[in-house]
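> Model the full assembly from the supplied sequences, consistent with the hints where possible.
Number of protein chains: 2
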Amino acid sequence: MIDTDIRPGEIAVTLPGEFDAGVYFIGRIRTPWTNRVECPKNARGSDAICTIELDPRYATGLAGVSACTHLIVLYFMDRARRDLMMQAPRHHSDLRGTFSVRSPVRPCPSPANSEAPSRPSAAGFGRSGLKFE
Amino acid sequence: MIDTDIRPGEIAVTLPGEFDAGVYFIGRIRTPWTNRVECPKNARGSDAICTIELDPRYATGLAGVSACTHLIVLYFMDRARRDLMMQAPRHHSDLRGTFSVRSPVRPCPSPANSEAPSRPSAAGFGRSGLKFE
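Residue numbers (numbering that gives the first Met the number 0), protein chains in the order written: chain Y, 0 to 132; chain B, 0 to 132.
These are calculated hints, taken from the structure and not from any lab test.
Careful: at least some of the hints might be erroneous.
Treat identical chains as interchangeable: a pair holds within one or across any two.
[What the hints assert, rightly or not] Derived pair list, reagent style SDA-like, types lysine to any residue, alpha-carbon separation capped at 25 Å: (1) Lys40 / Ile71; (2) Lys40 / Gly8; (3) Lys40 / Pro15; (4) Lys40 / Phe18.
Values in this document were obtained by computation on a predicted structure and should not be read as measured data.
Given below as structure tokens:
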């Protein structure tokens, strides 16, 4: 099964013909996982070392993050399909509405993770288990 | 002062010439506030009745949200400027890095609010103090 397959019972809708707004990728998250199926269900599911590489253009914006208890990291999974409204998550036996699960498969694919920063640098930040570059 | 003015000490960067990805507006949030300056600092700052209107196209995706303890609502402030990396928040006397504050002024303007759903319907959801349509 590849990332874009639809599972039995899942419901897709027709998306609008054009986008309403654009986003800039302010950086890249490097992880050991190369496809969605391999990703842990949540951050507690792995001790892997991951890296957030922030575009140096935005480095000034990191000022003061070391004083934050948590950072909310929104990431865009650019290959996740965006049209499913009912989904069959791997960890559930039943179908779930897209807005009741944290799946990256949604109209605007922005899963959120809350990270406690520990070592902010000029170009990155993270929590225990994250490496900074 | 209008929303797009720059305050003393704030630092802007040159944004990329094009977007990396697009988003769909899946609905609209209706509030009593018509400009950013009037908005409360956070949800505890007001008891105003607000409404989330979900595009009926996506209504199926609400299945099961009543079982969620919280919903994370990401909203796109389309008129917020996106180029400031150091900001002078109204509630602080010093300058702050963009990634250390929750300001909607950021490269991808997606503030997040966590809402406890109480009355999901076919076309909306929310918490105490939010009205559903």
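> If the cutoff is 25 Å on CA atoms, where do Lys40 and Gly8 land: within, between, both or neither? Let me know, please.
Within one copy only: 21 Å inside a chain, 42 Å across chains, cut-off 25 Å.
> Given identical chains, is Lys40 near Pro15, meaning Cα to Cα at most 25 Å, within a copy, between copies, both, or neither?
For Lys40 and Pro15, the Cα distance exceeds 25 Å both inside one copy (29 Å) and across copies (33 Å).
> If the cut is 25 Å between Cα atoms, do Lys40 and Phe18 qualify within a copy, between copies, both or neither?
Classified as neither: same-chain Cα gap 29 Å, cross-chain 29 Å, threshold 25 Å.
> Tell me, please, which holds for Lys40 and Ile71 at an alpha-carbon limit of 25 Å: within, between, both or neither?
both (17 Å within a copy, 17 Å between copies)
Violated hints, listed in ascending order, are 3, 4; each of the other numbered hints is respected by the structure.
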